[in-house]
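J.: Each chain is listed here by its residues.
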Amino acid sequence: MLMSVDNISKSYHAFPNPPAKVLHDVSIDIAAGEAIGLVGESGSGKSTIAKCMLALIKPEVGAISYDGIDVVHAKGEDLRRFRREVQMVFQDPYGSLNPRMTVQELIGEGLLIHKLEATAAARRARVAEMMEMVGLNPNDMDRYTRSFSGGQRQRIAIARALVIRPRILVCDEPVAALDVSVQAQVINLLQDMQKKLNLAIVFVAHDLAVVRHLCERIVVLHKGRVVEQGTREEIFGNPRQEYTQSLLAAVPVPDPVVGRARRAARHLEPAN
Amino acid sequence: MPDQSTLTPVRPPLVTVDKLTVDMPLGRSGASVRIVDGVDFIVGVGERVALVGESGSGKSLTARALMRLDRLAKLSGRVDFDGTDLLKLSDRDMGKLRGSSIAMVFQDPMSFLDPLMTIGDQVAETLRIRGIGKVEARKRALSVLDELGVDRAAERLDSYPHEFSGGMRQRVVLAMALVGEPRLLIADEPTTALDVRVQDQVLDLLDDVSTRRGLAVLFITHDLGVVAGFAERVMVMYSGRIVEDGEVGSVFARPSHPYTQGLIKAVPRIDQDLATLYAIPGAPPPPLARPSGCPFHPRCDQRFDRCDRELPALLPIGRTRVACHLHDGKGD
Amino acid sequence: MTAPAIVQPATARRKEGFTPFEAFVFALVVALLAIAIVGPFFAPDSVYNSDIANSLMPPSAANWFGTDDQGRDVFWRLIVGAQTTLLSAFLVVTLYSLIGVTIATVAAAGPRWLDEGLMRITDIGLALPGMIVALGFAAAMGASLRSAVIAMAITGWPITARMLRGIMRQTMEQPFVAGAQVLGVSKWRLMTKHVLPNSLDVLIVKWAGDIGTTVLVLASLSFIGVGAQPPSAEWGATIAAARGYVSTAWWTVVAPGAAVAITSIAFGLLGDIIQVRRDPSLRGN
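If you're matching them up, the sequences are chains S, L and W in order. Per this note's numbering, the first sequence starts with residue 1, numbered consecutively. Per this note's numbering, the second sequence starts with residue 1, numbered consecutively. Per this note's numbering, the third sequence starts with residue 1, numbered consecutively.
Bound conformation, chain S alone (with noise of 0.2 Å):
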């Protein structure tokens, strides 16, 4: 396994209202180059997992490890390390870009402060590189992101992540604030990056169609806990628990025939 995630547990405090705990021994194992995604609800616990596996927040118990490194106690080495090999997208194209940055200081940064190129120029020939290779035009790479689209943010902020070639990349709603027409190339892209740099995607959302369409593996989250998980064709072809069989049943399908069909079903079940 490329990381586990151990058991882990994790309590929000806010004064003055009781703890909450959030994650309860929640474990997950990713394997290099897999794509798996973890959906649920609001208040699921997804986005939290996240955050631990980014080593952005620490959980109170249990452990994750990524490759030999215990990412809850990581320093010096280990944590530079870490930090180079595990990246990740965010949901918000426009909060996640500092504004005052051009685009090749921004997918530049990685190479600068790991020291993976020595020369600015070498940078920008990678930064260039890189910004082809997402879709993006080099020469605007002397640019600031204020007038881009959310979509050529989106790709900035993978260009970002992946100019220093990590091996996860952690995304949480990475196409949920974008157009539908645009979400497509999103996702298209992830899908292309993931199998042309061997990339393992942790990929957080709430759109079930657009997992299923994207991962491999699945883990159903529920108020904190892993409920189900396990291949796309278990999780979708035959769900085990009634909870995930509940999800799967809610989302909307674009098809106006399957749409009806399941809406007379549900309503000739005698309402909940």
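Calculated from the structure, these hints are not laboratory results. Hints may be right or wrong, so weigh each one.
[Stated by the list, open to error] Listed next, the in silico DSSO-like pairs over lysine-lysine satisfying Cα-Cα at most 30 Å (straight line): (1) L:Lys-265 to S:Lys-195; (2) S:Lys-196 to S:Lys-115; (3) S:Lys-115 to W:Lys-193; (4) L:Lys-96 to L:Lys-134; (5) S:Lys-58 to W:Lys-193; (6) W:Lys-206 to W:Lys-187; (7) S:Lys-196 to S:Lys-223; (8) L:Lys-88 to L:Lys-74; (9) S:Lys-75 to W:Lys-193; (10) S:Lys-51 to S:Lys-21; (11) S:Lys-58 to S:Lys-223; (12) S:Lys-196 to L:Lys-265; (13) S:Lys-75 to W:Lys-187; (14) S:Lys-223 to S:Lys-115; (15) S:Lys-115 to W:Lys-187; (16) S:Lys-21 to S:Lys-115; (17) S:Lys-223 to S:Lys-51; (18) S:Lys-51 to W:Lys-187; (19) L:Lys-139 to L:Lys-96; (20) L:Lys-74 to L:Lys-96; (21) W:Lys-193 to W:Lys-206; (22) W:Lys-187 to S:Lys-58; (23) S:Lys-51 to S:Lys-75; (24) S:Lys-21 to S:Lys-58; (25) S:Lys-223 to S:Lys-21; (26) S:Lys-75 to S:Lys-21; (27) L:Lys-19 to L:Lys-139; (28) S:Lys-58 to S:Lys-115; (29) S:Lys-195 to S:Lys-51; (30) S:Lys-51 to W:Lys-206.
[What the hints assert, rightly or not] With beta-carbon atoms standing in for the labels, derived distance ranges: (31) W:Glu-173 to S:Ser-4: 27 to 33 Å; (32) L:Leu-315 to W:Glu-173: 30 to 36 Å; (33) W:Pro-20 to S:His-114: 49 to 55 Å; (34) S:Asp-25 to W:Ile-204: 36 to 42 Å; (35) L:Ala-275 to W:Arg-169: 46 to 52 Å; (36) L:Leu-315 to S:Lys-21: 56 to 62 Å.
[To be verified] Some but not every residue of chain L turned toward chain S, in silico, with C-beta under 10 Å: (37) Gly-30; (38) Val-33; (39) Arg-34; (40) Ser-55.
Cβ coordinates follow ideal geometry from the N, Cα and C atoms, glycine included.
Assemble chains L and W onto chain S, guided by the hints.
T.: Frame of chain S; chains L and W shown alone:
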């Protein structure tokens, strides 16, 4: 008035929108930008129509224009509701119409609820404003909350909004909209902020209410899945115009406009595997930088020489209307 | 799905022109700065020399604002004094802004105990009135413009520190800051490259307004004899020196008084205008 360019609906028309434009001012400079650019459509009595579009398409402003919600917006054209032109009404008369004949619900129920007022008082308020007595208003508020599946409604009339979950709040907002027995409900992304299971319940609820009451619903959304399950007719907006308008079954089965085709192919599905998604290149244009000719032509994979010069009109083919040079009968 | 639409009006706003009032305030500030910077080079020698024969002459074509008790031209002394006054005010505000920014940054970046400690010190600083400290300094180091500047610099920073620390904490909640942490940037780079540049906007507003207040306070200190001393042309000192002649030669007091008032109001308005232009929700008032 609508000519052959507007389809005759199966039902008698309730709202007839004719050449509606919405201009929004840009700062204090006096300049403005046209967000909605000549839109016409009909919503029939009791009909459920979805208005679909992306950011900058003008879908929300179109809906808000029917309610005249944006004070700064400059509206032109005609919005005929049951024989009166809403754009010509005085502010006072328009105010009377809101809530009683036309009601609206929004994406974020919490911003719509007063945290310091009980649910019962808020639902009853619409009626109280119209001079209905306290006891009667409370009784009707209770019956609407009951109708919308708020359990133990009688006990919860005196609760405050923070004691309710997101889905329940959206029901309360719906109750506020429906207590005045409107004939048209405008719903602006009412389920976008909700979890899928709650969304599903709210949609079922809207479905039931609209059928039971013969209530027309204009449903604004970006989610094609929601459209397919809920609406009878769908209008697709792009860059301030309607590009396709037709019965949901036929639009999803045989979309005519390349944009509609692209949108349907771009959405991943829960019920089947797709190898790769079709990605429409580029992004929707901002209203200040609309391309010449057909606004979709830079992103269109079927464009030809006329597309960047001539703006296609919204013309009927069969029971659908399409604004595309591929279908305007002039050939290519 | 509405986020991109928000960007559009923002860019449009930036292109918008100034209102006549805004243009007037900007012109006034620029004129004041120009006078302070280049004015003294054109001043005649008589600014520094007594000419008792011509003392307390009323305004005339030769002496636009009249002459003072030493027979010096009031108009030119105001211009020479503008440099001293504005330069001192700039110095004071710049110094305490630097102290404030440093303390805010350390507090926002540091561990909880350091943050708490620095903020308690800031609270104490907020409670100390600048005037009293300046009086203390004058007693210890002798009354001079330098004492006044130092006293104001070391009493002025707490407001900046407190305000900026709050803003920096907010900026640190932004997703791009978490993104930089995930990328592995050092604490120093995180604060200087990501957090600070995105928190300083408000300080620029405050900085302009503060110049105005500082001009006024410095003049007051000089007037009560703690700041600049005669024969300095600093405005407060000038008013102090002329206060005996209010009834006989009003121009010797009114001219520097008006200079202080106009300058502090102009910079105060400049601060307000920048603030309103930054925050569209305040517009139209």
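J.: Against each hint, give a clear statement of whether it holds in the structure.
T.: Hint-by-hint comparison with the structure:
| no. | hint | in the structure |
| --- | --- | --- |
| 1 | L:Lys-265 to S:Lys-195 | holds (22 Å) |
| 2 | S:Lys-196 to S:Lys-115 | holds (24 Å) |
| 3 | S:Lys-115 to W:Lys-193 | holds (17 Å) |
| 4 | L:Lys-96 to L:Lys-134 | holds (19 Å) |
| 5 | S:Lys-58 to W:Lys-193 | holds (25 Å) |
| 6 | W:Lys-206 to W:Lys-187 | holds (27 Å) |
| 7 | S:Lys-196 to S:Lys-223 | violated (35 Å) |
| 8 | L:Lys-88 to L:Lys-74 | holds (12 Å) |
| 9 | S:Lys-75 to W:Lys-193 | holds (23 Å) |
| 10 | S:Lys-51 to S:Lys-21 | holds (15 Å) |
| 11 | S:Lys-58 to S:Lys-223 | holds (19 Å) |
| 12 | S:Lys-196 to L:Lys-265 | holds (24 Å) |
| 13 | S:Lys-75 to W:Lys-187 | holds (14 Å) |
| 14 | S:Lys-223 to S:Lys-115 | violated (41 Å) |
| 15 | S:Lys-115 to W:Lys-187 | holds (17 Å) |
| 16 | S:Lys-21 to S:Lys-115 | violated (40 Å) |
| 17 | S:Lys-223 to S:Lys-51 | holds (16 Å) |
| 18 | S:Lys-51 to W:Lys-187 | holds (19 Å) |
| 19 | L:Lys-139 to L:Lys-96 | holds (22 Å) |
| 20 | L:Lys-74 to L:Lys-96 | holds (21 Å) |
| 21 | W:Lys-193 to W:Lys-206 | holds (21 Å) |
| 22 | W:Lys-187 to S:Lys-58 | holds (18 Å) |
| 23 | S:Lys-51 to S:Lys-75 | holds (17 Å) |
| 24 | S:Lys-21 to S:Lys-58 | holds (13 Å) |
| 25 | S:Lys-223 to S:Lys-21 | holds (9 Å) |
| 26 | S:Lys-75 to S:Lys-21 | holds (27 Å) |
| 27 | L:Lys-19 to L:Lys-139 | violated (42 Å) |
| 28 | S:Lys-58 to S:Lys-115 | holds (27 Å) |
| 29 | S:Lys-195 to S:Lys-51 | holds (24 Å) |
| 30 | S:Lys-51 to W:Lys-206 | violated (36 Å) |
| 31 | W:Glu-173 to S:Ser-4: 27 to 33 Å | holds (30 Å) |
| 32 | L:Leu-315 to W:Glu-173: 30 to 36 Å | violated (51 Å) |
| 33 | W:Pro-20 to S:His-114: 49 to 55 Å | holds (53 Å) |
| 34 | S:Asp-25 to W:Ile-204: 36 to 42 Å | violated (50 Å) |
| 35 | L:Ala-275 to W:Arg-169: 46 to 52 Å | holds (47 Å) |
| 36 | L:Leu-315 to S:Lys-21: 56 to 62 Å | holds (60 Å) |
| 37 | Gly-30 | violated (24 Å) |
| 38 | Val-33 | violated (17 Å) |
| 39 | Arg-34 | violated (20 Å) |
| 40 | Ser-55 | holds (6 Å) |
Going down the numbered hints, you'll see the structure goes against 7, 14, 16, 27, 30, 32, 34, 37, 38, 39, while the others check out.
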